[in-house]
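*Asks:* These are the residues of each chain, in order.
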Amino acid sequence: MTNEELRRASGAAMEQNRRNSGKEMEANRRGKQVVADVNRLLQPRRERPALPRIEPLGALPAQQGVASYQAPARSGAGGIASPLTEKTRVVDGKTVADGREYWPAGLKSSDGLFVYPAIKTLSMTDAEGAAVVINLAQPQ
Amino acid sequence: MTWGCPYHGLVRYSKITLPNGAQQNYPQPPATQEYINGFWVGLQDGAGVAHRVAVPGLPAPELTDAEQTQATAAGWQWRNEAILAGGRMALHGTPLGGWIYIDPDGARWLVRIPAASETQQHSFAQPFSATVTLERFGDPVAAESYQYQVASEWGGIPARYTNGAGRLLVDAIKPDGSAAILMVHTRTISEFSGAINREPYSFLELTIAGPGAAATVALGVARSFSQTNRIGPPPFTWQANSSGLGSWLQASGSRESTKTLAVRYDAAGAHQDFELRHSGTYAYDIPETSGANEGGSSEASETMALLLNGTVLDSISLSFSISCQPYFIGAFDSRMSYAFSISIDGVSVNGTGDTSNQGSVPYPDAAKIGAQDPTLHQDFAANGVASEPHLYIPSAGIFFGWVRVHPFSRQVMGLEIATSGLQAGDRTWKYRPPVTPAGLAPGQPITIPSALRPALSGAYDPYNGACVWGETTSVCYV
Chain G
1 MTNEELRRAS GAAMEQNRRN SGKEMEANRR GKQVVADVNR LLQPRRERPA LPRIEPLGAL
61 PAQQGVASYQ APARSGAGGI ASPLTEKTRV VDGKTVADGR EYWPAGLKSS DGLFVYPAIK
121 TLSMTDAEGA AVVINLAQPQ
Chain V
141 MTWGCPYHGL VRYSKITLPN GAQQNYPQPP ATQEYINGFW VGLQDGAGVA HRVAVPGLPA
201 PELTDAEQTQ ATAAGWQWRN EAILAGGRMA LHGTPLGGWI YIDPDGARWL VRIPAASETQ
261 QHSFAQPFSA TVTLERFGDP VAAESYQYQV ASEWGGIPAR YTNGAGRLLV DAIKPDGSAA
321 ILMVHTRTIS EFSGAINREP YSFLELTIAG PGAAATVALG VARSFSQTNR IGPPPFTWQA
381 NSSGLGSWLQ ASGSRESTKT LAVRYDAAGA HQDFELRHSG TYAYDIPETS GANEGGSSEA
441 SETMALLLNG TVLDSISLSF SISCQPYFIG AFDSRMSYAF SISIDGVSVN GTGDTSNQGS
501 VPYPDAAKIG AQDPTLHQDF AANGVASEPH LYIPSAGIFF GWVRVHPFSR QVMGLEIATS
561 GLQAGDRTWK YRPPVTPAGL APGQPITIPS ALRPALSGAY DPYNGACVWG ETTSVCYV
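If you read the sequences in order, they're chains G and V. Residue 63 in the numbering used here sits at position 63 of the first sequence, with consecutive numbering throughout. To convert, count from 1 in the second sequence and add 140; that's the numbering used here.
Read the hints as simulated data drawn from the structure, not as lab findings. What you were told as hints is all true, and nothing was included just to trick you.
Sample of chain V residues with no beta-carbon within 10 Å of chain G, all distances over it, derived:
#: 1; residue: Gly182
#: 2; residue: Thr328
#: 3; residue: Ser394
#: 4; residue: Thr400
#: 5; residue: Gly450
#: 6; residue: Pro573
Using C-beta positions, here's what the derived DEER-type ranges look like:
#: 7; chain 1: G; residue 1: Ala131; chain 2: V; residue 2: Tyr286; range: 34 to 44 Å
#: 8; chain 1: G; residue 1: Leu107; chain 2: V; residue 2: Ala283; range: 11 to 21 Å
#: 9; chain 1: V; residue 1: Met141; chain 2: G; residue 2: Val133; range: 18 to 28 Å
#: 10; chain 1: G; residue 1: Ala130; chain 2: V; residue 2: Ala354; range: 42 to 52 Å
#: 11; chain 1: G; residue 1: Thr121; chain 2: V; residue 2: Asp406; range: 39 to 49 Å
#: 12; chain 1: G; residue 1: Gly79; chain 2: V; residue 2: Leu236; range: 47 to 57 Å
#: 13; chain 1: V; residue 1: Pro244; chain 2: G; residue 2: Lys120; range: 20 to 30 Å
#: 14; chain 1: G; residue 1: Ile134; chain 2: V; residue 2: Ala283; range: 24 to 34 Å
Fair warning: this is a prediction, and the values are worked out from it, not measured in the lab. Glycine included, C-beta positions come from ideal geometry on N, C-alpha and C.
Take these sequences, add in the hints, and give me the full structure.
*Replies:* Here's what the structure looks like:
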C-alpha cells in the first residue's frame with residue numbers, strides 16, 4: 001500500500017469514525033440504547049419461523065359442482081316435509097275430508113245435549129306427497 | 141274438560157241474574173206469537189213456562205276445587221240438565237219450536253208437531269191427526285230426520301160441542317222427552333188486559349219409545365172430557381109460583397164440581413193433576429123474576445179451591461144471603477125490595493136493592509144457571525165450558541165480584557178475586573199465592589186497585605221448584 005493509499009484509508013477511517021460518533025451521539029440523544037438495554041432485560045420475543053411463500057395460482061373460473069345424491073329409503077321414521085294437507089274427496093259435488101275418523105263418544109256438553117266432534121284420525125299428505133297419519137287421543 | 145252453557149237463572153228485561161248476583165244480557169224467552177185481528181199477540185201465559193230436559197243416567201260434572209272456585213266466582217252453574225224456556229221452547233237462548241227426546245242409545249232428537257201449535261184451530265167433528273218429526277239434534281257429524289203419523293179422537297167431547305173447534309197446547313213434557321201432554325181447549329183473550337184464559341176440554345198424551353230412526357210414536361187420551369169436567373148434578377129446580385105469577389128458585393142441598401186445569405208429570409214421571417173445585421151448600425126459596433106476590437130468602441155457602449193431585453193447597457170462601465119482599469103487585473108487574481149480604485174471601489158487603497132498578501133478584505150465578513139448563517154443564521164456569529172458570533156474583537147495583545183462576549204462567553196459577561163498588565172504575569183485584577208443580581208458592585196476597593184487570597206474570601223453575609209471581613213484565617227461568 002502506498003502512502004497515498006494509507007493516507008486515504010486513514011482519512012476514510014477518520015471520516016467513518018466521525019460519522020459513527022455522530023450516530024452514537026444521536027442515539028444517545030434519542031435514548032435508543034437505553035431502550036435496547038431495557039429490552040434485553042425482558043424475555044426475548046420468540047422469533048416465529050417464516051412460512052414458505054407460495055406463489056398465487058390465479059383465479060379459478062366459475063363452474064357447477066357435481067355430486068351424486070342417494071335419497072334415503074322411506075321407512076316412515078324419517079322426516080316429514082311441511083306443510084301437511086288433509087286428504088279430501090268429492091262427494092255429491094262437495095269436497096269433504098277423506099279418511100278422517102271421529103271418536104264415537106266425542107266430547108259431550110255438561111247437559112249431554114251437544115257433542116263436540118272429537119277427531120280420532122287424520123289422513124294427511126306432506127309436501128313431498130308422502131302419506132302421514134295423525135292419531136289423536138280420546139278426550140276425557 | 142267441562143263445556144256447554146253455564147248460565148242459569150231468572151231472565152227479566154232480557155237480562156239474566158246469575159247466582160253471584162251479576163247480571164248480563166240474555167235473550168228473553170219468547171212466548172208463542174199469533175196474528176189476531178191484524179196484530180201479533182204474544183200468548184203471555186207461556187212466557188214464563190220452563191220444561192226440564194235431562195239425559196237419563198248422565199252424571200253431574202265433576203269439577204276440581206280450582207274449577208269450582210272459578211265457577212262460583214263467575215256465576216257459572218255446570219248442570220247435567222237443561223231447560224226449554226218460554227212458549228217457543230228456547231234452549232240456551234235459541235227457540236227450538238219443539239222438545240228433545242233422548243232415545244235408548246243416547247241419541248238426541250228434536251221433536252216437532254206443527255199441527256199441535258196453539259195458533260191452529262181444529263174441528264172437533266174429525267179426529268185429530270198430525271205428523272211428528274224427529275230430527276237428529278246436537279251432533280253435527282250426523283244429520284237425519286224421520287216422520288211418524290199419529291191420530292186420536294178428542295177424548296169423548298159431547299156431541300153438543302162437536303160442531304165447534306178447539307186448540308192444542310203442549311203443556312207438559314217428561315225430562316227425557318219420551319212423553320208430552322197436549323191440552324185440548326178453547327181460548328179467550330181478556331178484553332181488559334189481554335190476559336189469556338183457557339178452558340180445558342180434555343188432555344191427550346204423545347209417547348215416543350225406541351231409537352229415533354225406528355221409534356214407536358203414539359197419541360192417546362190422558363184425560364177425557366168427562367174426567368176433565370166433573371160437574372156435579374145441580375140441586376136446583378124451578379118451581380112455579382104458588383100464585384101463578386113468575387117462577388121460583390127452590391133448592392136445597394149441596395153440589396160439587398171439579399175441573400182439571402192442567403196435567404203434568406211429577407218427579408217419578410207419573411201424571412200430576414192440577415184442579416179447580418167449586419163446592420157449595422144452598423137453601424133457596426126466592427122468586428126468580430119480579431112477578432111474585434110473596435117474599436122469600438136464600439142462603440149459599442161456597443168454596444173455591446185449587447188442588448194438586450187431590451190435595452187442597454188454597455181455597456177461599458164465599459157466602460151469600462138475601463131476603464126479599466114485594467112492595468108493589470100489579471097485573472103484569474111486581475116490584476120487590478131486597479136486602480143482601482155478600483162475603484168473598486173476607487171482603488163483605490151488605491146492602492139493599494130494588495127490582496125496579498134491577499130486573500130480578502140477584503143470587504150467585506152458579507145457582508141460577510145451574511137451574512136453568514143443567515144439560516149445558518153450566519157451573520162455576522159461567523156459560524159452560526167455553527169460558528174461563530170462575531164464579532160470578534151478578535151486580536146488585538152496589539156490589540159484584542167474581543173469582544177465577546189467574547195464570548201468571550201455565551205452571552203458576554192462583555185464585556184471583558175481583559170486587560167492585562158502584563163506580564165502573566171502582567174495582568179491586570186480589571191475587572192469592574199461586575200453586576205450582578212444586579206446591580203452594582210463598583208470599584202474601586197482592587191487592588191492586590185498578591179499573592182494568594192487571595196483567596201479572598210469573599215463572600216456575602223446574603230445576604229447584606223456585607217460583608216468582610205478581611210480576612208486571614215477562615219473566616222466565618233458564
